[in-house]
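Please take these sequences and the hints and turn them into a complete structure.
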Amino acid sequence: MINRAEGSKWYSKDDPLLLERFEREADECQKQVEANLATDLQFVRVSLSAEYRVACYYLGILSKPDIAQPSPQSKMLFSAFHKNLFVFYSSLLLTTRGFYGPARSLLRHVYESLIVAKFCALASDPSVYSHWEQGETVYFTNSVLKKIAAPDKTVFDEFWKLMCQFSHPTIYAQQISIGWETDKDDIRLNFVLLRALIECHYHLLNSYLITPSMRHVVERYSDDEELRRLKALIRALFRESRASLLPQPRRLISSYKRTWKLI
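Counting in numbering that gives the first Met the number 0, the sequence shown runs from 0 upward without gaps.
No lab work stands behind these hints: they were computed from the structure. Computed from a predicted model, the values in this text were never measured in an experiment. A hint or two may mislead.
Simulated restraints on C-beta separations [unchecked claim]:
(1) T38 x L226: 24 to 32 Å
(2) E180 x L226: 41 to 49 Å
(3) Q29 x S78: 26 to 34 Å
(4) I170 x E27: 24 to 32 Å
(5) K8 x D223: 53 to 61 Å
Derived DSS-like pairs: lysine-lysine, alpha-carbon spacing no greater than 27 Å straight-line [as the list claims (entries may be wrong)]:
(6) K8 x K30
(7) K8 x K146
(8) K8 x K183
(9) K256 x K152
(10) K82 x K12
(11) K145 x K74
Here a beta-carbon is modelled for each residue, glycine too, at the ideal position from N, C-alpha and C.
Here's what the structure looks like:
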């Protein structure tokens, strides 16, 4: 929420140039984040790298339909998975440097893309996928969220409302300061968002983008040992991460990973 007293501290004729101030504050914030949130940083870096390595075993097959059968919605599923890697990394950089507000706008994109991609992978009606493929507007609430009959979608609605508050020009959006001491709670929250969304992201890869046909080919002709090690590492990381999360992000993960029924 905006605090005029805090905001006014930024405006003095004696202040350094704006970009110099940002860089100085961001450098100091990064040192504090690396010292105080080392476990969170390690989780994001290792889990994303492991997810990517698993994807490398399978996703080259997408261009070879004569070898294995991809999902009919593979274009959207791949788009969501691949683009989100860039968004996760950008959000991590911004958050680590203290720019938690802009990072949240990016994480809203991750959330929406994960929900829409899984919806389209399951929907018998191809209209939402067709709108996406043609570059037309997909109405997230009416065309997607309201069509999820099970599990209870309350957590999806609540999380989307939160991410909209962070992204639209509300009193909760963006930030007015930068620094560990003033913003550590918001920085910690971003790591919670990252941890929850990264686990959902892997579910999309492992359960929908990778098809049984693709899995069969890879497991028959590739190095199973490394792949098993990577998947075991990911399971262990997620298990440890969930144990330290509060109930709401845990519900988001479990609801996303459950079997959905659509209207």
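Sort out which numbered hints this structure fails and list those numbers smallest first.
Of the numbered hints, 7 and 10 do not hold.
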